[in-house]
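Quick mapping for you: the protein sequence lines, in order, are chains A and B. In terms of numbering that gives the first Met the number 0, the first sequence is residues 0 to 255. In terms of numbering that gives the first Met the number 0, the second sequence is residues 0 to 117.
Treat the hints with caution; some may be incorrect.
Said to hold, decoys possible - The following label-pair restraints were derived from C-beta to C-beta distances:
1. 5/B with 164/A: 45 to 55 Å
2. 112/B with 77/A: 18 to 28 Å
3. 72/A with 15/B: 31 to 41 Å
4. 19/B with 15/A: 51 to 61 Å
5. 52/B with 164/A: 40 to 50 Å
6. 153/A with 39/B: 32 to 42 Å
7. 53/B with 205/A: 40 to 50 Å
8. 102/B with 255/A: 54 to 64 Å
To be verified - In silico lysine-lysine, DSBU-like type, Cα no more than 35 Å apart, as pairs:
9. 92/B with 203/A
10. 92/B with 236/A
11. 92/B with 248/A
Hint data in this document are derived by calculation from the structure and do not stem from the laboratory. Heads up, the beta-carbon is just placed ideally off N, CA and C, and yes, glycines get one too.
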Amino acid sequence: MVEGVHQLERAAAGDPRLTGVRRIAIVPAYNEEECIARVIDEIRAFDRELEIVVVDDGSRDRTAAVAEAQGAHVVRLPFNLGIGGAVQTGFRYAFEHGFKLAVRIDGDGQHDPSQLGLLLEPVLAGEADIVVGSRFLSKNGYQSSRPRRAGITILANVISLLVGRRVTDPTSGFQALNRHAIALFAADYPHDIPEVEAVLLLHKHKLRMAEVQVEMRERAGGRSSIGALFAVYYMVKVLLALFVGLFRKNVTPLEE
Amino acid sequence: MTPLVVSIVAAIASVVLLLVVLELIRSRRLRERYALLWLATGAVLLVLSAWRSGLNTIAGWVGVTGYPPAVLFAVATLFILLVLLDYSTVISKLSDQNTLLAQRLALLEQRLSERASR
Numbered sequence: 000m001v002e003g004v005h006q007l008e009r010a011a012a013g014d015p016r017l018t019g020v021r022r023i024a025i026v027p028a029y030n031e032e033e034c035i036a037r038v039i040d041e042i043r044a045f046d047r048e049l050e051i052v053v054v055d056d057g058s059r060d061r062t063a064a065v066a067e068a069q070g071a072h073v074v075r076l077p078f079n080l081g082i083g084g085a086v087q088t089g090f091r092y093a094f095e096h097g098f099k100l101a102v103r104i105d106g107d108g109q110h111d112p113s114q115l116g117l118l119l120e121p122v123l124a125g126e127a128d129i130v131v132g133s134r135f136l137s138k139n140g141y142q143s144s145r146p147r148r149a150g151i152t153i154l155a156n157v158i159s160l161l162v163g164r165r166v167t168d169p170t171s172g173f174q175a176l177n178r179h180a181i182a183l184f185a186a187d188y189p190h191d192i193p194e195v196e197a198v199l200l201l202h203k204h205k206l207r208m209a210e211v212q213v214e215m216r217e218r219a220g221g222r223s224s225i226g227a228l229f230a231v232y233y234m235v236k237v238l239l240a241l242f243v244g245l246f247r248k249n250v251t252p253l254e255e
Numbered sequence: 000m001t002p003l004v005v006s007i008v009a010a011i012a013s014v015v016l017l018l019v020v021l022e023l024i025r026s027r028r029l030r031e032r033y034a035l036l037w038l039a040t041g042a043v044l045l046v047l048s049a050w051r052s053g054l055n056t057i058a059g060w061v062g063v064t065g066y067p068p069a070v071l072f073a074v075a076t077l078f079i080l081l082v083l084l085d086y087s088t089v090i091s092k093l094s095d096q097n098t099l100l101a102q103r104l105a106l107l108e109q110r111l112s113e114r115a116s117r
């Protein structure tokens, strides 16, 4: 488990290991016309060569138009699929266009692109197939509301038990992936609160996952799509999916 | 008083329902979101079958003192109604999405063929 050690080491845009490596940022966005432009700018500020695909999940506002104006690739879904469907669309795009590295930055501004170096380091060092930015590896920074933290802690404990490793932030979408992980998620990605089930999926396909400590921000614009009552419903659904998922047969990841 | 046979048969049936639904989820033929109501149905029926004194009490509340297992029928029917209602809304949404996909696809093909014939 590669936690802790890499908190201080981070990849940088000029890193020689990145030379010639086609990489892309997947930015799922739903009604984020207010902050999508800034998210795109921040990603560019981190690395000019990091291509950007904004997956517009059936937004009713001008998210797609704004993203196009900023020069990002934009994929417009005909209707809302939810975060799982939208992010998987991004993975399919990444796979089909031959990208070797992908990162996910949510269009609502919660993920801070300047910290991408922390996420990329273990992947570039060949130590993990996927790196997840965890808010809870150590105890600082924006910690999210109390009921949400309680829910996340429960899920973290359950997931840690199921995969036999310590997982601290199973709901974090702030991730960096190599080609293996891209191929897996392009073929098979869960639909609701996908990040949690995805941890189990990675484990079943024997892909290596690492967590690094990151700070996340409050949502810059727009509204959260999960209300308090739905949170309970989602918890039940996720727990069910996890336990049943243990016994599932694996789907084959996309082949080259 | 509920005959013991009825309780046993109902309990077994409930367990079978639960197992079938879980297997359908496991083999990816049923998504969790649509299975939740079925699992709730199976769970509630299982509890009512196994908890014989509870079943009799509830039967008393609704005036079914003659044959308490009638409550099992009523509960099962109620849950089935809920499932059907839920599925009706799901089908409606899928219809709308289907229409939208058909339209977008047709327009896309039109654009492609127009481009090809230029």
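Each hint tested on the structure:
1. 5/B with 164/A: 45 to 55 Å: Given a distance of about 48 Å, which is inside 45 to 55 Å, the answer is holds.
2. 112/B with 77/A: 18 to 28 Å: For residue 77/A against residue 112/B, whose Cβ atoms are near 20 Å apart, the range 18 to 28 Å holds.
3. 72/A with 15/B: 31 to 41 Å: 50 Å, violated
4. 19/B with 15/A: 51 to 61 Å: Since residue 19/B and residue 15/A have Cβ atoms about 56 Å apart, the given range 51 to 61 Å holds.
5. 52/B with 164/A: 40 to 50 Å: 46 Å, holds
6. 153/A with 39/B: 32 to 42 Å: Given about 20 Å between the Cβ atoms, the range is violated.
7. 53/B with 205/A: 40 to 50 Å: 47 Å, holds
8. 102/B with 255/A: 54 to 64 Å: 34 Å, violated
9. 92/B with 203/A: Holds. Residue 92/B to residue 203/A sits at ~33 Å (cutoff 35 Å).
10. 92/B with 236/A: 20 Å, holds
11. 92/B with 248/A: Satisfied, since the Cα-Cα distance of roughly 30 Å is no more than 35 Å.
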